[in-house]
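Participant: Put together the whole structure using the sequences plus the hints.
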Amino acid sequence: MMTSSIKKKWILVVLCCLPIWASILHAEEPEPQPDVEATEQAQPIPRRINEIIIIGNEFTPRDAMLNYIPYQVGEIFNPQKSTQLIRNLYDGLKRFRNITLKGDAVGDDMIDLYVIVEEKTPLKDVEFKGNKNLKAAEIRKKVIIDVPAVDPEELKVFAEQIKKLYYEKGYQNVIIDTDLVLDDGGKASAIFDINEGDKSRIRRIRFEGNEQVSDKELRNVIYTREEWIMSFMDKTGTFHPDRLEADKHMVEQHYQNAGYLHAKIIDVRIEPEDNSNILTLVFVLEEGDRYVINEVKAPGNDIVSEQFLIANIPIRPGQYYSREMITNTIKMMEFLWGNLGYIFASIEPSVQVDEDKKTVSISFISDIGKQIKLNKITIKGNRKTRDKVIRRRISLQEGGILTQGQMDRSKSGISSLGYFEQQDGVNWKIKRRNEQEADLDLFVKEAKTGHANIQAGFGGVGADFNSPTEGFNVKGTIADTNLFGSGTNINLEASWSKDQQTVVFHLAQPWLFDRPISAAMDIYHKRPSFDQLRYVMSAINSKVTGGGISGGIITSPHWKIFSNAQAVFTVGVDSVSYFRAPQISLSRHDLPKGVTLERAAQDYANILNKEFTPGEYVNVSGALEQDHRNHPVHTSRGHKWKIASKIAIPSFDRESSGMITDTDTRKIGFAKLFLDYLWYTPLIGEQDLVFKLHLFFGLATPLSGRSIPFGELFHIGGDNTVRGFSYGQIGPKFLPTSSYIGDTIGAKKAFFINAELCFPITQDMSMKAVAFYDGGAGWDNPYVCDAAPGLIADNSFNYRHAVGVGIRMLRPMPVRVDWGFKLDTRTGERESEVHFGMTYDW
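Numbering (my numbering), first residue to last: 1 to 842.
Each hint should be verified, as a subset may be incorrect.
[What the hints assert, rightly or not] Straight-line C-alpha distance at most 27 Å; calculated DSS-like pairs for lysine-lysine:
1) LYS264 with LYS358
2) LYS248 with LYS164
3) LYS187 with LYS142
[To be verified] Okay, the calculated beta carbon distance ranges per label pair:
4) VAL784 with ARG588: 20 to 30 Å
5) GLN436 with ILE807: 46 to 56 Å
6) PRO528 with LYS593: 34 to 44 Å
7) LYS593 with GLY828: 13 to 23 Å
8) THR825 with PRO528: 23 to 33 Å
9) PHE59 with ALA769: 58 to 68 Å
10) GLU118 with THR762: 47 to 57 Å
11) GLN397 with SER796: 52 to 62 Å
12) THR762 with LEU182: 46 to 56 Å
Rather than coming from a laboratory, the hints here were simulated on the basis of the structure. Just so you know, these numbers come straight off a predicted model, no measurement behind them. Cβ atoms here follow ideal geometry from the backbone N, Cα and C, with glycine treated the same way.
Facilitator: Structure (structure tokens):
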């Protein structure tokens with residue numbers, strides 16, 4: 001150590017953020033004179049760091065600490081870095097309780113730095129005891145306890161964080177004791193001893209001071225719910241203290257939306273029952289008086305008059321005061337101005353209260369700024385979908401006026417492609433460049449558009465082990481509605497078995513050569529099986545080979561009524577053959593009086609022979625359709641309609657070995673027309689409750705002397721038409737009995753309606769529930785005029801209907817289940833039908 005008579009000594013203790021200042025004392029030097037030279041000599045002398053000495057680091061390596069110290073040996077000491085040194089060591093290593101910095105002067109221009117640390121206890125592991133309802137893995141995931149060292153005070157902080165996790169699960173009386181247990185090496189195990197207590201449950205929610213609004217109405221407003229018999233499923237009845245502020249806000253908002261301008265919650269009491277975990281929540285209210293709107297003003301300008309603004313906003317004199325109505329009015333006025341290009345318009349409400357008359361006067365002042373032009377559109381997030389595919393659906397023009405309506409229509413059009421996530425999959429962001437220009441960024445989140453699978457099996461179909469799929473069979477599917485991001489729709493299905501090979505190929509491009517011209521191609525070779533006919537000895541197995549090409553045009557998005565509509569023309573060829581003719585199997589006990597078994601069998605054979613006529617024909621069809629839905633899968637608003645016609649002209653005869661072949665009198669030729677319309681609108685929120693209306697009307701008739709196939713007639717009933725009824729049950733049938741509804745034989749005319757309410761069960765909308773009403777009728781079969789009386793039923797218009805519920809699932813695989821209940825059940829019919837279906841998740 002230095003002696004006071006020879007060496008200079010400098011000591012400074014740094015606490016927290018105080019900088020180091022060197023002070024050099026000379027013990028035997030004379031007192032300096034007050035001249036310039038002496039004053040200059042008294043200034044602190046810059047010193048270089050001679051050595052960095054660390055004291056107290058029993059468990060922390062010296063090299064690790066040096067990495068966090070912002071000083072180097074040999075550099076000039078800068079006292080301003082002392083704060084950074086302490087922060088680096090404390091936050092970076094998380095091992096120290098206290099850090100002290102000292103300095104000793106060495107010679108005339110050097111200094112030794114002393115870093116003195118007090119270490120926390122090194123942490124070896126963490127143990128939880130008593131945590132029955134909260135797993136240790138969940139605690140470690142949400143509470144970061146993975147620290148190298150700890151002290152008892154920090155354990156208490158971690159314990160409070162763990163308590164919050166228990167509070168979220170309804171355990172309000174949890175007690176956590178903490179301890180550090182040292183081993184022989186001086187390292188500690190952190191122990192959290194948890195006494196969970198009983199789960200706090202809300203038995204009752206009461207309100208005091210609510211003279212005008214019932215408890216029941218207010219309970220429906222707040223987030224907290226009373227416990228009930230199914231609380232173990234929906235977690236209602238759990239007490240969350242952090243929700244009380246939100247509950248207070250919701251009650252006050254509900255009152256203020258009903259005219260009670262000064263309504264407020266003045267207290268919330270939590271009352272345990274007999275010191276138990278059963279709670280009663282009591283909200284104490286001051287309702288105040290109810291106020292009526294006596295005047296509404298919305299000053300206009302040279303662009304829009306006040307009369308126009310007043311006519312287009314929802315708030316009116318005579319209504320009760322409502323904060324929600326004021327907010328909706330502001331949004332509506334912003335939309336009105338935004339639709340005129342004043343996209344940054346600001347609406348400021350002014351509320352004048354007359355306490356004597358209990359009335360309110362409201363003025364909405366518009367600061368519209370200048371009309372905004374669109375400078376540039378940038379698309380972001382589309383890793384797969386090409387920019388041009390998205391830009392086709394954008395009605396905004398760069399350089400044109402930016403309007404809110406065009407932004408909304410463009411967003412809806414892009415979402416309707418089905419290439420992007422339904423929730424926040426398409427969003428605009430406006431970036432203002434100056435007072436008159438703005439850029440638009442379009443952010444998209446792409447969704448799954450493709451599907452591929454392969455299935456293998458062994459055996460026949462249903463009870464018919466002689467079906468074409470006898471033995472080993474394999475089936476594969478590859479499909480994508482946005483192939484390579486080009487908007488091309490491709491679907492390839494193929495199956496193979498010993499007796500059949502099925503291939504279906506579809507390829508469509510809605511914008512051929514980047515023009516509003518659509519083109520499509522279909523090729524198929526398939527084996528439909530008709531197993532719905534009980535009076536036929538075995539299923540009627542057919543072979544259909546054919547294909548077609550389509551072309552169409554897409555109308556301009558700027559047309560008012562037919563915007564983005566599509567007109568399509570299709571030409572195709574089909575060849576239909578059957579493995580064997582229908583073999584009739586009837587019982588005398590089922591026949592009406594006066595009809596022989598031979599007559600009934602012959603009449604039914606005549607009908608089926610015409611409906612299952614083999615042959616080849618050319619089909620020509622045309623369609624006009626429009627799809628303005630906001631999303632193809634999770635639709636909440638918009639409409640879709642289609643008007644289509646089809647005519648089939650007989651082609652030529654062809655012999656086919658092993659198959660039933662055509663004859664001169666059994667040619668296929670028919671005409672068909674149908675109208676399909678869907679309409680959607682949200683009732684609560686955008687997706688919380690959606691109403692869907694579906695209407696269908698169709699006509700089909702054979703050409704003179706020709707036949708129309710069984711599958712081209714209308715069979716009303718089933719999961720795709722009227723749920724609650726089996727396939728073809730609402731329409732012409734052959735030989736219904738007291739125990740059987742009869743075989744469907746198809747109708748030339750059809751009508752049905754589906755009205756449906758849909759709401760999500762899961763937040764990601766992968767599961768939904770529906771409630772529906774279906775009704776419809778099919779009538780007028782073309783081949784029953786010669787049938788004996790009593791054999792044919794329901795050949796005239798006979799409206800049937802049903803109600804029911806259903807489930808829609810997208811994951812793990814697309815499944816739909818509907819349970820329909822007939823509203824007009826007849827003798828011999830089941831009261832309900834359950835329908836299962838599977839669809840692809842585009």
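Participant: Decide, hint by hint, whether the structure agrees.
Facilitator: Checked hints:
With a CA separation close to 17 Å, the supplied pair LYS264 and LYS358 stays within the 27 Å bound. For the proposed pair LYS248 and LYS164, the alpha carbon gap of about 21 Å is at most 27 Å, so the pair holds. Proposed proximity of LYS187 and LYS142 is supported: the alpha carbons are some 25 Å apart, at most 27 Å. For the hinted restraint 20 to 30 Å between VAL784 and ARG588, the CB-CB distance of approximately 21 Å keeps it satisfied.
Separated by about 53 Å at the C-beta atoms, GLN436 and ILE807 satisfy the suggested range of 46 to 56 Å. In this structure the hint that PRO528 and LYS593 lie 34 to 44 Å apart at CB holds, the actual value being about 37 Å. For LYS593 paired with GLY828, a C-beta distance near 18 Å keeps the hint of 13 to 23 Å intact. Between THR825 and PRO528 the CB atoms are about 31 Å apart, so this pair conforms to the stated range of 23 to 33 Å.
Between PHE59 and ALA769 the C-beta distance comes to about 59 Å, which sits within the given range of 58 to 68 Å. For the pair GLU118 and THR762, the beta carbons lie near 52 Å from each other, so the given range of 47 to 57 Å is met. For GLN397 and SER796, the Cβ-Cβ distance of about 56 Å falls inside the hinted range of 52 to 62 Å, so the restraint holds. Taken as a hint, the range 46 to 56 Å holds for the pair THR762 and LEU182, whose Cβ atoms sit roughly 49 Å apart.
This entry satisfies every hint, going by the numbered hints stated previously.
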